[in-house]
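Going line by line, the protein sequences match chains A and B.
In terms of the working numbering, the first sequence opens at residue 409 and continues consecutively.
In terms of the working numbering, the second sequence opens at residue 2 and continues consecutively.
Treat the hints as calculated values from the structure; they're not laboratory data.
All figures in this text were calculated on a predicted structure; none of them were measured in a lab.
Using N, Cα and C, we set each Cβ at its ideal position, and we do this for glycine too.
Heads up, a few of these hints could be off.
As the list claims (entries may be wrong) - Simulated crosslink set (SDA-like; lysine to any residue; CA at most 25 Å straight-line): (1) Lys336(B) x Ser661(A); (2) Lys187(B) x Asp610(A); (3) Lys336(B) x Ala654(A); (4) Lys130(B) x Glu622(A); (5) Lys187(B) x Asn491(A); (6) Lys336(B) x Asn491(A); (7) Lys336(B) x Arg662(A); (8) Lys187(B) x Arg662(A); (9) Lys187(B) x Glu484(A); (10) Lys187(B) x Ala488(A); (11) Lys137(B) x His613(A); (12) Lys336(B) x Arg614(A); (13) Lys336(B) x Asp610(A).
Stated by the list, open to error - Across the chosen pairs, the derived CB separations fall in these ranges: (14) Asp294(B) x Val442(A): 48 to 58 Å; (15) Glu703(A) x Glu209(B): 48 to 58 Å; (16) Tyr593(A) x Trp281(B): 44 to 54 Å.
Said to hold, decoys possible - Here chain B is said to cover these stretches of chain A; the calculated rule only asks that three of the stretch's residues, wherever they fall, bring their Cβ under 8 Å from a Cβ of chain B: (17) 451 to 457; (18) 468 to 475; (19) 540 to 549; (20) 558 to 569; (21) 660 to 671; (22) 702 to 716.
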Amino acid sequence: MAFDNAYEALTEDAGGLGDRWAHGTGFQDALSGVDDTVPAGVDLTAAARHVLGLADDALVMAHRLSEWCTHAPELEEEVALANIALDLLGQARSLLARAAQLDPGLRPAGVPGHVPDEDALAFFRAAEDYRNVRLVEAPHGDFGHLVARLLVFSTWRLALLDRLSGSRDPVVAAVAAKAVPEVAYHRDHAAGWAVRLGDGTDESHRRVAEGLAEVWPLVEELFATTDAERTAVADGTGVDPATTRAEFADVLSRVCDQATLDPPGMDDRGAGDAPAVPRGRTGQHTAALRDLLAEMQSVARAHPEGRW
Amino acid sequence: MPSAEEVMTVTDRRTGHGPDGARRPPEATLADETEAQARFERLIAEDQRIEPRDWMPEAYRATLIRQVAQHAHSEIIGMQPEGAWLTRAPSLRRKAILLAKVQDEAGHGLYLYSACETLGADRADLTEKLVTGRQKYSSIFNYPTLSFADVGVIGWLVDGAAICNQVPLCRSSYGPYARAMIRICKEESFHQRQGYELLMTMMGGTEEQRAQVRDAVDRWWWPSLMMFGPPDAESPNTARSMAWRIKRHTNDELRQRFVDITVPQAEALGVSLPDPDLRWNAERGHYDHGPIDWDELSRVIRGDGPCNAERIATRRAAHRDGEWVRRAASAHAAKRAARDAVGAGVAG
Numbered sequence: 409m410a411f412d413n414a415y416e417a418l419t420e421d422a423g424g425l426g427d428r429w430a431h432g433t434g435f436q437d438a439l440s441g442v443d444d445t446v447p448a449g450v451d452l453t454a455a456a457r458h459v460l461g462l463a464d465d466a467l468v469m470a471h472r473l474s475e476w477c478t479h480a481p482e483l484e485e486e487v488a489l490a491n492i493a494l495d496l497l498g499q500a501r502s503l504l505a506r507a508a509q510l511d512p513g514l515r516p517a518g519v520p521g522h523v524p525d526e527d528a529l530a531f532f533r534a535a536e537d538y539r540n541v542r543l544v545e546a547p548h549g550d551f552g553h554l555v556a557r558l559l560v561f562s563t564w565r566l567a568l569l570d571r572l573s574g575s576r577d578p579v580v581a582a583v584a585a586k587a588v589p590e591v592a593y594h595r596d597h598a599a600g601w602a603v604r605l606g607d608g609t610d611e612s613h614r615r616v617a618e619g620l621a622e623v624w625p626l627v628e629e630l631f632a633t634t635d636a637e638r639t640a641v642a643d644g645t646g647v648d649p650a651t652t653r654a655e656f657a658d659v660l661s662r663v664c665d666q667a668t669l670d671p672p673g674m675d676d677r678g679a680g681d682a683p684a685v686p687r688g689r690t691g692q693h694t695a696a697l698r699d700l701l702a703e704m705q706s707v708a709r710a711h712p713e714g715r716w
Numbered sequence: 002m003p004s005a006e007e008v009m010t011v012t013d014r015r016t017g018h019g020p021d022g023a024r025r026p027p028e029a030t031l032a033d034e035t036e037a038q039a040r041f042e043r044l045i046a047e048d049q050r051i052e053p054r055d056w057m058p059e060a061y062r063a064t065l066i067r068q069v070a071q072h073a074h075s076e077i078i079g080m081q082p083e084g085a086w087l088t089r090a091p092s093l094r095r096k097a098i099l100l101a102k103v104q105d106e107a108g109h110g111l112y113l114y115s116a117c118e119t120l121g122a123d124r125a126d127l128t129e130k131l132v133t134g135r136q137k138y139s140s141i142f143n144y145p146t147l148s149f150a151d152v153g154v155i156g157w158l159v160d161g162a163a164i165c166n167q168v169p170l171c172r173s174s175y176g177p178y179a180r181a182m183i184r185i186c187k188e189e190s191f192h193q194r195q196g197y198e199l200l201m202t203m204m205g206g207t208e209e210q211r212a213q214v215r216d217a218v219d220r221w222w223w224p225s226l227m228m229f230g231p232p233d234a235e236s237p238n239t240a241r242s243m244a245w246r247i248k249r250h251t252n253d254e255l256r257q258r259f260v261d262i263t264v265p266q267a268e269a270l271g272v273s274l275p276d277p278d279l280r281w282n283a284e285r286g287h288y289d290h291g292p293i294d295w296d297e298l299s300r301v302i303r304g305d306g307p308c309n310a311e312r313i314a315t316r317r318a319a320h321r322d323g324e325w326v327r328r329a330a331s332a333h334a335a336k337r338a339a340r341d342a343v344g345a346g347v348a349g
């Protein structure tokens with residue numbers, strides 16, 4: 409067999425094995441093969457800002473999930489969490505590249521030209537320039553906290569992506585179409601665990617309920633709309649997160665019901681209520697993001713001229 | 002080297018419970034057992050596979066459980082040295098590759114524990130033996146990873162050595178192990194390739210990066226050679242494992258093969274290997290290498306490697322911290338089953 413000779417294995421073509429890797433090992437251009445024309449009449453700055461938020465959510469969440477590696481409660485869960493992290497990382501890469509394409513001004517100044525846009529944005533941006541929601545920032549707590557956060561995050565993100573698959577931006581539409589089945593799996597996985605833990609033992613019930621209570625103060629922000637999002641919606645490239653509230657509340661209440669958990673109160677907002685206020689999307693972050701980035705960016709920043 | 006027949010004459014013929022709590026078929030008569038043993042020997046001699054339901058000598062079963070469990074443990078502990086760089090990978094492409102690789106290793110551990118369970122072992126029991134130090138894992142994972150170049154060198158040298166060791170196991174006499182190894186070897190060759198490609202890229206980078214690559218190669222070369230185990234003269238289990246076709250080549254044969262494959266790769270990479278005695282021997286048609294510090298291997302196996310305590314502590318903490326989760330999953334499954342039974346009772 410071909411693998412009898414390790415040297416051959418080094419030089420031969422991937423030979424069909426490439427699709428085993430979430431996003432291949434060879435591709436350098438995150439947008440390769442995707443129609444990347446920009447539709448006419450679009451406010452590029454707003455469109456880029458909108459895409460950047462979606463990218464940063466995925467990047468930071470993927471990073472936090474990757475911290476679970478070698479700490480999961482079961483080997484099957486090691487595989488599943490790595491899989492979810494890989495999916496999100498793939499989404500982040502494509503969206504970061506698109507954001508920089510739409511608005512080259514997002515690329516931090518002074519980053520050497522050989523560094524791809526996705527890495528310039530991931531490794532050479534300061535915390536205040538990140539546009540992710542605060543939900544994804546906290547270091548991982550116990551498995552109950554992980555399940556609660558993943559359930560909330562993937563329920564919300566799936567609702568967003570579902571709407572974005574009809575975006576006028578062909579890249580956003582393509583990324584969303586690919587990501588919908590991925591995030592549907594993430595949501596199923598989290599919901600399955602929420603039910604197992606909620607309707608498991610007294611201890612597991614308590615822990616997942618505590619997890620849900622911990623992430624709940626960060627939920628309202630998910631439905632806040634920024635100016636950039638409003639513009640992107642008007643241009644037909646974006647989605648207004650406020651429109652996902654009803655779907656989110658419905659899914660959470662059904663999962664909590666199965667899990668014998670009391671759903672934390674969902675605001676039942678009507679006309680005239682004050683709208684939710686964006687935080688992370690406007691660069692207001694918790695201290696946890698600064699710590700996360702200090703670690704994530706350490707090697708890249710120590711070798712700005714390095715080749716990886 | 003004894004033939005399979007010679008080995009069989011000293012085979013353990015005990016019945017009853019085997020090591021690791023392995024399940025046994027009901028007590029067989031002596032005549033049945035003699036016939037079963039004859040069939041086992043014939044299958045081995047004809048290079049056929051032994052399958053889980055086939056009769057097998059207790060010592061064959063025990064040897065396999067020990068070897069496959071040790072291999073599974075190595076995959077799981079082996080996630081740690083590289084996993085330590087996941088949060089600091091310097092490009093998103095490298096982060097994705099590394100995450101996929103570490104994920105593969107968890108998957109390899111799963112296939113191998115499953116193969117072990119076909120022999121009657123139990124994963125929870127094997128994990129308990131690992132975290133209490135009663136079963137071993139490859140001593141290579143007791144060395145630290147000091148820079149991102151280590152990720153590349155582990156792929157190139159450590160996975161490279163593993164491939165040399167493991168490709169012949171795809172023809173191992175025990176079917177489930179052999180089949181697991183085919184998939185594992187395909188993935189390992191990919192792992193090796195990404196490591197080598199990372200090193201090639203770093204060698205084309207800054208002087209500081211080249212220094213990191215050289216430093217990592219210097220640290221990992223000798224431990225990689227030790228991965229093949231003690232020299233043949235001091236490897237008590239080799240002859241029997243070869244007679245049973247669990248192993249196909251001796252430790253020294255595999256080590257030589259690795260050296261012969263790796264030296265040209267080092268030249269292509271532009272690094273020198275830290276062995277002044279390493280040179281081509283035209284007479285033998287192989288590279289000669291200097292003496293290996295077997296005392297170091299013994300020390301690391303005994304537990305005195307740089308990271309033994311840390312590796313086991315991490316695995317033990319994950320296992321202990323996950324206990325309430327596993328208990329919850331079982332409790333929930335039991336509740337569901339009870340509810341389904343009530344539902345079925347009503348329906349029936």
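Status of each hint after checking the structure:
1. Annotation: proposed proximity of Lys336(B) to Ser661(A) holds, straight-line Cα distance about 21 Å (limit 25 Å).
2. Distance check on the hinted pair: Lys187(B) and Asp610(A) sit about 44 Å apart at the alpha-carbon level, beyond 25 Å; violated.
3. Restraint check: the Cα-Cα separation between Lys336(B) and Ala654(A) comes to about 31 Å, which exceeds 25 Å; the hinted pair is violated.
4. Note on Lys130(B) and Glu622(A): the hinted pairing is violated, with a Cα-Cα distance of about 36 Å set against a maximum of 25 Å.
5. Between the alpha carbons of Lys187(B) and Asn491(A) the distance comes to roughly 19 Å, so the proposed pair stays at or under 25 Å and holds.
6. For the hint linking Lys336(B) to Asn491(A), the alpha-carbon distance of about 29 Å lies beyond 25 Å, and the restraint is violated.
7. For the suggested pair Lys336(B) and Arg662(A), the alpha carbons sit about 19 Å apart, so the restraint of at most 25 Å is met.
8. A hinted pair counts as satisfied when its Cα atoms are at most 25 Å apart, and Lys187(B) with Arg662(A) does not qualify at roughly 43 Å.
9. Pair hint Lys187(B) plus Glu484(A) holds up; C-alpha atoms about 21 Å apart against a cutoff of 25 Å.
10. Distance hint between Lys187(B) and Ala488(A) is fulfilled; the C-alpha atoms sit about 21 Å from each other, no more than 25 Å.
11. With a C-alpha separation of about 36 Å, the suggested pairing of Lys137(B) with His613(A) is violated against the 25 Å cut-off.
12. A distance of roughly 17 Å separates the Cα atoms of Lys336(B) and Arg614(A); the hinted pair therefore holds under the 25 Å criterion.
13. Restraint check: the Cα-Cα separation between Lys336(B) and Asp610(A) comes to about 13 Å, which is no more than 25 Å; the hinted pair holds.
14. Range check, Asp294(B) to Val442(A): Cβ separation about 53 Å, and the 48 to 58 Å hint holds.
15. Checked against the hint of 48 to 58 Å, the pair Glu703(A) and Glu209(B) fails, with Cβ atoms roughly 20 Å apart.
16. For the pair Tyr593(A) and Trp281(B), the supplied restraint of 44 to 54 Å holds, since their beta-carbon distance comes to about 53 Å.
17. Here's how the stretch 451 to 457 of chain A fares: 0 of its residues keep a CB closer than 8 Å to some CB of chain B, so the rule of at least three is not met and the hint is violated.
18. Using a Cβ-Cβ cut-off of 8 Å, 3 residues of the stretch 468 to 475 of chain A lie near chain B, which meets the minimum of three, so the contact claim holds.
19. With a cut-off of 8 Å between beta carbons, the stretch 540 to 549 of chain A has 0 residues touching chain B; three or more are needed, and the interface restraint is violated.
20. With 0 residues bearing a CB less than 8 Å from a CB of chain B, the stretch 558 to 569 of chain A misses the requirement of three and the coverage assertion fails.
21. Coverage of a stretch by a chain is defined here by at least three residues with a beta carbon nearer than 8 Å to that chain's beta carbons; for the stretch 660 to 671 of chain A and chain B the count is 0, and the condition is violated.
22. Check on the stretch 702 to 716 of chain A: 10 of its residues sit with their Cβ under 8 Å from a Cβ of chain B, so the three-residue criterion for coverage holds.
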